[in-house]
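J.: Spelled out from the first residue to the last, the chains are:
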Amino acid sequence: MWSFIHRLGSPKICYRWAGYLLPIFFISMLVFFSFGLFEGLDLAPPDYQQGQVYRILFIHVPSAVLSLSIYAVMALSAAFFLIWKLKVADMVAEICAPLGALFTALALITGAIWGKPTWGTWWIWDARLTAELILLFIYLGIMVLRNAIPNQQYAAQASAVFILIGVVNLPIIHYSVDWWNTLHQGATILKWGKPSISWSMLQPLLWMLGAFFTFFAWQLCWQLRLTILFREQQATWVQALFEEKK
Amino acid sequence: MTQFHDWQSFWQMGGYGFYVWSAYALVFFFLSSTVLRTLNKAKKIKNKQVRKVL
Numbered sequence: 001m002w003s004f005i006h007r008l009g010s011p012k013i014c015y016r017w018a019g020y021l022l023p024i025f026f027i028s029m030l031v032f033f034s035f036g037l038f039e040g041l042d043l044a045p046p047d048y049q050q051g052q053v054y055r056i057l058f059i060h061v062p063s064a065v066l067s068l069s070i071y072a073v074m075a076l077s078a079a080f081f082l083i084w085k086l087k088v089a090d091m092v093a094e095i096c097a098p099l100g101a102l103f104t105a106l107a108l109i110t111g112a113i114w115g116k117p118t119w120g121t122w123w124i125w126d127a128r129l130t131a132e133l134i135l136l137f138i139y140l141g142i143m144v145l146r147n148a149i150p151n152q153q154y155a156a157q158a159s160a161v162f163i164l165i166g167v168v169n170l171p172i173i174h175y176s177v178d179w180w181n182t183l184h185q186g187a188t189i190l191k192w193g194k195p196s197i198s199w200s201m202l203q204p205l206l207w208m209l210g211a212f213f214t215f216f217a218w219q220l221c222w223q224l225r226l227t228i229l230f231r232e233q234q235a236t237w238v239q240a241l242f243e244e245k246k
Numbered sequence: 247m248t249q250f251h252d253w254q255s256f257w258q259m260g261g262y263g264f265y266v267w268s269a270y271a272l273v274f275f276f277l278s279s280t281v282l283r284t285l286n287k288a289k290k291i292k293n294k295q296v297r298k299v300l
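For the protein sequence lines, the chains are C and R, in the order given. Residue 89 in our numbering sits at position 89 of the first sequence, with consecutive numbering throughout. Residue 283 in our numbering sits at position 37 of the second sequence, with consecutive numbering throughout.
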């Protein structure tokens with residue numbers, strides 16, 4: 001079992017696998033975006049209360065879901081790094097932080113743009129919004145911590161511990177709408193029972209969720225390959241790779 | 247079935263065009279800049295490695 005995990009986590013094997021997955025994620029992303037944007041901006045009917053402005057939710061919801069999902073991936077990688085000392089797990093955690101910060105910022109900004117015409121305000125210190133803002137600060141804190149420590153091994157360990165402590169914020173964000181009286185609406189898709197959204201609106205939302213997830217997976221694979229090349233530049237297989245390209 | 251009969255109503259988005267299009271433009275801008283940043287990183291790493299090999 002341990003040897004299997006170590007073999008799977010070897011930079012050389014991960015580099016090769018990420019290379020196989022890259023075109024699959026890229027093509028899937030293009031397909032998902034094409035269907036999602038066409039259905040979300042043109043085919044989906046207007047909301048009976050919000051009118052056309054609800055179309056912002058086709059980018060806001062995937063950004064918000066991804067901001068949490070990326071943190072979960074990052075936390076898993078951090079745990080793998082701390083337990084099994086896998087170099088690739090640390091690389092994944094390093095790549096996830098700026099991508100997670102990006103999607104958290106997008107969720108907050110698109111939420112504010114949607115909030116102005118709908119709630120009448122750009123921002124409110126609501127439990128969900130505040131918890132999401134804290135998530136952005138956690139992402140930024142992880143990036144700053146990693147850059148502040150010159151020794152790569154110490155930086156990886158310190159940021160992995162920080163990441164695992166920050167996991168406590170994930171259930172707070174998800175359940176904030178149930179635990180507190182918030183202006184933000186409750187769960188629509190990720191809840192027990194039937195989603196409280198019409199299929200004509202759910203369908204483009206699912207396409208866009210697919211598009212955002214494949215964008216993340218594509219970027220993760222691409223950046224992982226680059227990080228492996230950078231960190232393993234002394235390895236004979238990396239040098240052989242460039243010798244071939246020469 | 248399409249919800250808009252002409253391009254003008256499509257861009258206007260029922261009077262919410264500014265909000266809808268600025269949100270989509272922002273997402274497009276940030277996702278594109280992420281791709282460009284990765285592309286730039288790829289160029290730098292590959293040039294550095296190729297120089298080393300040469």
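Everything labelled a hint here was simulated from the structure, so no lab data went into it. Incorrect hints may appear among the rest.
What the hints assert, rightly or not - Facing chain C, according to a computed beta carbon distance under 7 Å, are these residues of chain R, among others: (1) T248; (2) A271; (3) A288; (4) Q295.
To be verified - Across the chosen pairs, the derived CB separations fall in these ranges: (5) C:Q234 x R:N286: 40 to 48 Å; (6) C:S10 x R:G260: 27 to 35 Å; (7) R:N286 x C:P46: 39 to 47 Å; (8) R:Q249 x C:S3: 50 to 58 Å; (9) R:N293 x C:A148: 22 to 30 Å.
To be verified - What the simulated footprint calls covered on chain R by chain C, stretch by stretch (three residues with Cβ under 8 Å from a Cβ of chain C suffice, anywhere in the stretch; the number is not a length): (10) 255-268; (11) 274-287.
Backbone N, C-alpha and C fix where the C-beta goes; we use that ideal spot for every residue, glycine too.
J.: Output the numbers, in ascending order, of every earlier hint that fails for this structure.
T.: Going through the list in order, the structure violates hints 2, 5, 6 and respects the others.
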